[in-house]
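S.K.: Protein sequences appear in the order of chains A and B.
Sequence positions in the first sequence follow this note's numbering and run 1 to 113.
Sequence positions in the second sequence follow this note's numbering and run 1001 to 1116.
Any given hint could be a false lead.
Unchecked claim - Distance ranges between label pairs, derived from CB positions:
1. S1009/B - N99/A: 26 to 32 Å
2. E62/A - P1116/B: 44 to 50 Å
3. T1078/B - F69/A: 31 to 37 Å
4. R1051/B - R109/A: 30 to 36 Å
5. A1070/B - E75/A: 23 to 29 Å
6. K57/A - H1072/B: 24 to 30 Å
7. T15/A - E1015/B: 43 to 49 Å
8. S1009/B - N77/A: 30 to 36 Å
9. V1020/B - I60/A: 30 to 36 Å
10. E1079/B - Q67/A: 43 to 49 Å
In case anyone wonders, no lab produced these hints; they're calculated from the structure.
These figures come from a predicted structure and were not determined experimentally.
Built from N, CA and C at the ideal position, the CB exists for glycine as well.
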Amino acid sequence: DSGVTQTPKHLITATGQRVTLRCSPRSGDLSVYWYQQSLDQGLQFLIQYYNGEERAKGNILERFSAQQFPDLHSELNLSSLELGDSALYFCASSPSPVNTEAFFGQGTRLTVV
Amino acid sequence: GENVEQHPSTLSVQEGDSAVIKCTYSDSASNYFPWYKQELGKRPQLIIDIRSNVGEKKDQRIAVTLNKTAKHFSLHITETQPEDSAVYFCAANSNAGGTSYGKLTFGQGTILTVHP
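Build out the structure end to end from the sequences listed, making use of the hints.
M.R.: Here is the structure:
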């Protein structure tokens, strides 16, 4: 167990819908990362927060947004869902945004039908 | 932004052989290079990491080397075992300013299969 909690574990929804994925980082970790892993794909960096502020951004679609709350948990919002958004979404956390190990949650498997 | 290339995409070895996976990165501001192992259906887990002030690091059967000048780093697994079979990802953590600060960019992964 990495100490990073993601909910839900599985999510099935229809095209056009909106979903929210939740991540609770390890106790004491201030930095949260979101990654998308599609079938046969690597880990695509979406966005990173540090202590409530956005710190780094990858190729995150405009339909996607995220935030980190004062209690340090983070949410990734995916809207106007398309079939191609079906993927495993990982959250990771680390104490610092640089030079430290990122601990991954178990992921949320999103299926868009 | 940072770009991490990883080779090979698949690697098949016999038990007891060595396995080498190579990565290159583009951002000279990157200074932390972790390697993750991901078993099927599970989360990535760190197996070893190296920082830019070190050229080599070893942990039992696993070692990582870093060449900052050439911007490449490699994972070496010796005496491979069937349980080493998994997908291995390299990554580079940027220390640059602006929107890249803290960005952890992964390579595309290497599927390692160790045959008994």
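S.K.: Hints first: check each against the structure and report whether it holds.
M.R.: Results of checking the hints against the structure:
1. S1009/B - N99/A: 26 to 32 Å: holds (28 Å)
2. E62/A - P1116/B: 44 to 50 Å: holds (48 Å)
3. T1078/B - F69/A: 31 to 37 Å: violated (45 Å)
4. R1051/B - R109/A: 30 to 36 Å: Distance hint for R1051/B, R109/A holds at roughly 33 Å.
5. A1070/B - E75/A: 23 to 29 Å: violated (40 Å)
6. K57/A - H1072/B: 24 to 30 Å: For K57/A and H1072/B the Cβ distance comes to about 26 Å; the hint holds.
7. T15/A - E1015/B: 43 to 49 Å: holds (46 Å)
8. S1009/B - N77/A: 30 to 36 Å: holds (32 Å)
9. V1020/B - I60/A: 30 to 36 Å: holds (33 Å)
10. E1079/B - Q67/A: 43 to 49 Å: 46 Å Cβ-Cβ, so the 43 to 49 Å window holds.
In summary, the numbered hints that this structure violates are 3, 5.
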